[in-house]
Amino acid sequence: MTEPGREVIRIRGLNKRFGSTHAVIDVDLDIRRGEVLALMGANGAGKSTLIKILCGVHPADSGTMEIDGEPVAFRSPLEACAAGIHTVHQIINDGVVQQLTVAENLALDEICRPEGPVLLSRSVITARAREIQAILGLDLPLGKAMSELGQAERQLVAIARALSHDPKVLILDEPTSSLSEAEAARLFTLIEDLRARGVAIIYISHRMSDIRRLADRAVVMRDGRTRAEFTRPLDFDGIVHAMVGHRLREGAHSAVAGGRTVVEIRDFALTPTSAPFDLDLREGEVVVLTGLIGAGKTEFADCLFGTATPHAGSVTIDGKPLRASSPQEAIAGGVFMAHEDRGNSSLVAEFSVLHNMTLPFLRQFSKLSLVVPDQERRAAVGQVSDLAIKCPSIDVPIGSLSGGNQQKVVLGRWLIQPCRLLILDEPFQGVDIGARQDIGRRLRETAAGRATLVICADLEEATEIADRIVVMRDFSVVGGHSVDGLSLDALVAEISGAGTHATFA
Amino acid sequence: MSTPSPNPASNPAAAAQAGATKSAFSFKDFVIKFGLLIILAVMIIVFWRLEPAFANARNMFSILQAVSVTALLALGVTVTLAIAGFDLSIGSTAAMSLMASSYVMVILNQGTFLAVVVCLLLGAFIGFLNGVLIVKGRIPDLLATLGMMFLLLGLQLIPTGGRSIAKGMTLSDGSAATGTFTDAFLALGRYRLFDLIPLPVIIMLVAAIILWVFMERSRYGRVLYAIGGNEKATRLAGAPVERYKIVAYMISGLFASIGGILLAARVGRGDVTSGSSLLLDSVAAALIGYAVLGAKKPNVFGTAIGALFVGTLLNGLTMLNAPYYAQDFVKGLVLVFALLFTFGFASSQRR
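As they're listed, the protein sequences go chains A and B.
Under my numbering, the first residue of the first sequence carries the number 1, and numbering increases by one thereafter.
Under my numbering, the first residue of the second sequence carries the number 1, and numbering increases by one thereafter.
Rather than coming from a laboratory, the hints here were simulated on the basis of the structure.
Some hints could be false.
Claimed, not checked - The calculated DSSO-like cross-link candidates involving lysine-lysine, where the alpha carbons are at most 30 Å apart (straight line), are:
id: 1; chain 1: B; residue 1: LYS297; chain 2: B; residue 2: LYS28
id: 2; chain 1: B; residue 1: LYS33; chain 2: A; residue 2: LYS390
id: 3; chain 1: B; residue 1: LYS296; chain 2: B; residue 2: LYS33
id: 4; chain 1: B; residue 1: LYS167; chain 2: A; residue 2: LYS390
id: 5; chain 1: B; residue 1: LYS297; chain 2: B; residue 2: LYS232
id: 6; chain 1: B; residue 1: LYS297; chain 2: B; residue 2: LYS136
id: 7; chain 1: B; residue 1: LYS28; chain 2: A; residue 2: LYS367
id: 8; chain 1: A; residue 1: LYS144; chain 2: B; residue 2: LYS33
id: 9; chain 1: B; residue 1: LYS232; chain 2: B; residue 2: LYS28
id: 10; chain 1: A; residue 1: LYS390; chain 2: B; residue 2: LYS297
id: 11; chain 1: B; residue 1: LYS296; chain 2: B; residue 2: LYS28
id: 12; chain 1: B; residue 1: LYS296; chain 2: A; residue 2: LYS390
id: 13; chain 1: B; residue 1: LYS232; chain 2: B; residue 2: LYS167
id: 14; chain 1: A; residue 1: LYS367; chain 2: B; residue 2: LYS297
id: 15; chain 1: B; residue 1: LYS136; chain 2: A; residue 2: LYS390
id: 16; chain 1: B; residue 1: LYS296; chain 2: A; residue 2: LYS320
id: 17; chain 1: B; residue 1: LYS33; chain 2: B; residue 2: LYS136
Fair warning: this is a prediction, and the values are worked out from it, not measured in the lab.
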């Protein structure tokens, strides 16, 4: 479509560390004029850090960056903007001011200019806003407040603002995540137009359909490195392969068939448009639910844990219907869940390891509502030793532990009491390999008396712990495989949706 | 039964590091932990040296009596602070309770028991309303309780047409009020056990101890603190967060109404202007409490010390004939320093 233009940005040997995490490792990357580069990777692959270095939020630890042949090192986002790199962040509300009108938002940089006039005239602002939207061929309701606009229009305003500076490079982080299909189509037209004008676009998305439509080139990151590069025609299976699992672990364990069925899920439809599916979870078996981001894995788990309601379908546990409209009821019904993003959804930062661990089960450690310290401590110390949690004492604040040990505390919490179904959502995020193995081992050791469902996008991690791998795509279960004799190609084809559309469960 | 000892040997590096950090910051740690208590002790000694009458037992208990109402309100607000909320309506809840008890006895001619019960129910109900507004109405805590504060300030004056309630006052129909403050009720504010320890002090101490056990030792207190730390995580751990939050405001209302009863019993009339400074003094006490023993969070013991701190300071300044406007100035100064202990020094230590 476009001729390969000359390079705008040239990155060589870029590295960035945050404490013990090596977030970006020896990244080389070229970005060319008039090209849409899709930057892909699972959560925590290093995309965001790379982008933040590019747009001046973080300085790189080492490595070089050149713009049009000139070496640069940004110390602030302003410097990156001055050099022609503009970013529209995923959370668009960070990029626009809700209380102001569309025109004021478009002309915001003009308004905030320190050497600008003290008194603002409405006509000047409107004129400037018209100018900006004329460049883009947009027709926005200039007089409306931002808060009255839909997501797509807000997104367009944010992009228009970025474009008013005539950028060399435009970075779009998950721009379609909150857009409808029609809204996205409008955005795509705009992006294609920009490409034709020679703007280099870095497009971050997990949506395969976006990539299919827009990308001239795709670079996949995994564990901080750029793992693979694809040019048109894009090999989608190859991309998924590079994102979620470059190899499978063989012979770690053989599949446990599982005992009697604990959880029976029937005619389950997450949304009005998603295909209904059935799924059985058996005692003693560890089932990994995999799929790309946005495939509906977490939404499915939320329905089981009472924090979301499915469109249709039934769930029974030991033959009895599960009625959970809140986590409290789910826990009472024997469903425990450790959520993704432990910092925000599992741990109380001010609490010690001990208090974090026992939070859901205080009743068990209480007499006349008073917590009996001995019982509580014994339970926590037991989990600390079973999971090999490294901490100087169970009374230290949870924040002083490494990510892997914090995750162990979260798992230990839900192992204090037996349950019928244990759900873990991405338990290996930000967890080092040693802790990951400890968690996987303990999970399998304790699996006997319950059904276990682990959400995990990374196939290498998945095969480490699973007896069975179940694939979700487009909010529906599209396949299930025993971990014995697993075919990576078939799995990847199912995840990306490029292969056959056979539906079974 | 011995407490299982934590095992530092399992991670010698981390333990050594923690040890090193501790010794490097030991002076700072010491100041953060005991700074406020030391200042309190120094203050008492200085006042005693300057004015020997300050340190006699009777004056000491006068200080406690003076702070008991403030302390009760501060204890209540501590619970809402623990859930990362706030209750601005405690001052007017106490005033409401003062007016209501007077109304029940003087105008309705009822006894002590009914007066007390009406006040307690009213306090709990106001807290319940606050909680519902915040939890179900989704109004931010500061705004909901600010609204409630104004609402109560007006409401308490409606039954008497804005006048204070006193024995034999003229009612709207021209007749004189027949009721009176009962002796039993007045004793709540004035009786001294062994002719020394004022009853309000005992009530305050008992309430403080009960609340301390509730917040520090019971599982409910643990969950309340968890809600303040991470509401989402607490909900996902299965706690009925909404119910807990409503209960927190009910406790706050209840404690404020107890404070109001004690105030009414001490004043002996339904004075519309008493209790105007209660809100700010009790919030100051609770916030000073953050700095006690380096808690860095709302806590019952700290709040009690905070109230004592403010009371001692004011009593001492009064005895030394400091002008009345110096009091607010000094209160503000103490609060700012206490907050600096809590937030400023602590955060630089954490980095």
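Cross-check of the supplied hints:
1. LYS297(B) <-> LYS28(B): holds, 18 Å
2. LYS33(B) <-> LYS390(A): Within the cut-off at roughly 28 Å; holds.
3. LYS296(B) <-> LYS33(B): The given pair, whose Cα atoms are some 10 Å apart, holds under the 30 Å limit.
4. LYS167(B) <-> LYS390(A): violated, 69 Å
5. LYS297(B) <-> LYS232(B): Holds, at roughly 19 Å.
6. LYS297(B) <-> LYS136(B): holds, 26 Å
7. LYS28(B) <-> LYS367(A): violated, 38 Å
8. LYS144(A) <-> LYS33(B): violated, 54 Å
9. LYS232(B) <-> LYS28(B): violated, 34 Å
10. LYS390(A) <-> LYS297(B): Answer holds: LYS390(A) to LYS297(B) is near 27 Å, not above 30 Å.
11. LYS296(B) <-> LYS28(B): Distance ~14 Å between LYS296(B) and LYS28(B) Cα, so the pair holds.
12. LYS296(B) <-> LYS390(A): Holds. LYS296(B) to LYS390(A) sits at ~26 Å (cutoff 30 Å).
13. LYS232(B) <-> LYS167(B): violated, 52 Å
14. LYS367(A) <-> LYS297(B): Satisfied, since the Cα-Cα distance of roughly 26 Å is no more than 30 Å.
15. LYS136(B) <-> LYS390(A): violated, 42 Å
16. LYS296(B) <-> LYS320(A): violated, 47 Å
17. LYS33(B) <-> LYS136(B): Judged against 30 Å, a Cα distance of about 39 Å means the pair is violated.
Checked against the numbered hints above, the structure breaks hints 4, 7, 8, 9, 13, 15, 16, 17 and satisfies the rest.
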